[in-house]
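Undergrad: Chains A, B and C supply the protein sequences, listed in that same order.
Counting from 1, one number per residue, gives the positions in the first sequence under the numbering used here.
Counting from 1001, one number per residue, gives the positions in the second sequence under the numbering used here.
Counting from 2001, one number per residue, gives the positions in the third sequence under the numbering used here.
Honestly, the hints are just simulated from the structure, not real lab data.
It is possible that part of the hints are untrue.
What the hints assert, rightly or not - A partial selection of chain C residues facing chain B, derived with a Cβ cut-off under 8 Å:
no., residue
1, N2008
2, V2081
3, D2084
Backbone N, C-alpha and C fix where the C-beta goes; we use that ideal spot for every residue, glycine too.
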Amino acid sequence: MTDTSAPPSASHRRLTFISRRAPFGEDYPRACLDMVMAAAVFDQQVNYVFMDDGVHQLVSGQAPAAIGAKDLSAQFAALSLYGVENVFADRQSLLERGLENAVLSIPVDVIDNACLQRLIQDSDQVFVL
Amino acid sequence: MKITVVVHTAPWSHQASATALRFCQAALKAGHVIHRLFFYYDGVHNTSTLAVSAQDEIDIPAEWQRLIREHEIDTVACVSSALKRGILNDTEAARYERTASNLSPAAEISGLGQLIDATTHSDRVVNFGA
Amino acid sequence: MSALHIINKPQSRGQALRSCLRLLQPGDALLLIEDGVYACTDTGENRLLWQNLPVEVGCHALRPDLDARGIALPLPTFALVDDDGFVALVCEHDKTLSWF
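Go ahead and model the full structure; you've got the sequences and the hints to work with.
TA: In structure tokens:
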């Protein structure tokens, strides 16, 4: 995991993206992922946080082909190739949804509220989708 | 201050687009610069020249176009959002063999890189969504 | 670095308000806009909702949205701002988080 508190340079900002919506019912999860990828391609320091219903995106064993939808987990697997290493899931969100022991499709750092507060505080911009 | 504004919602369907318009007007009146106006997701509908507003409602796309022209605001409709929603300029209409183009000449179609670029060059980024 | 948090939905619509509240830090500010202004109407539930906030968080509501919805007497802990006040809040805080 890269240091999230390191100060940015002029064109490298610390950008945090918080994805809050469940997959498939809306296209916002894909919209957030696209922003994350774009930020990574443009060499920003990226934090990708799954919170609230957004943690459902991480659950493995999904079969989106059943509804003609795209599988986000395939793109999640490519995040590290894009240099997105800081991927987090909010602990409280996982607990509320009974997902604390769920098998997730990618490795994430499960963080508590205080840690998420610090991420937000250390970020230059935060996008909540 | 240099402010980037991101609009995620279509006109009229949700209030956010109208709020964003008022925010931009207030920011400009206060002497700030709208560094970039980025229409993302359903927000690209604000850049259509084909929307017809009801006579007793504010013509939100027209108001955006007026604001953009008056203040020469760098305005982008995100290409992936625009294509999915049938907001096309002449180039994309030809590329995808569609019967018409409808993108306002006040906006250009471009990618999310423009949003990231704007984010790195702005003092503030404000999102309006639903 | 302080943040301005913008809420545009009442607590009955999704979890945005609840999630925002647990991430507020002293020095942050909150602005209710659009349907979010229903969260500052003077009800028992709303009084309970706001009583656990850190004291140093400034609470604001956008006046045009209150007026549009006929909300004459919001909770007194909310400072009412117009569109120029909205802009001023964005500039005053280092970043803006829109919870929608």
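Undergrad: Would you list, in rising numerical order, the hints stated earlier that this structure does not obey?
TA: 2
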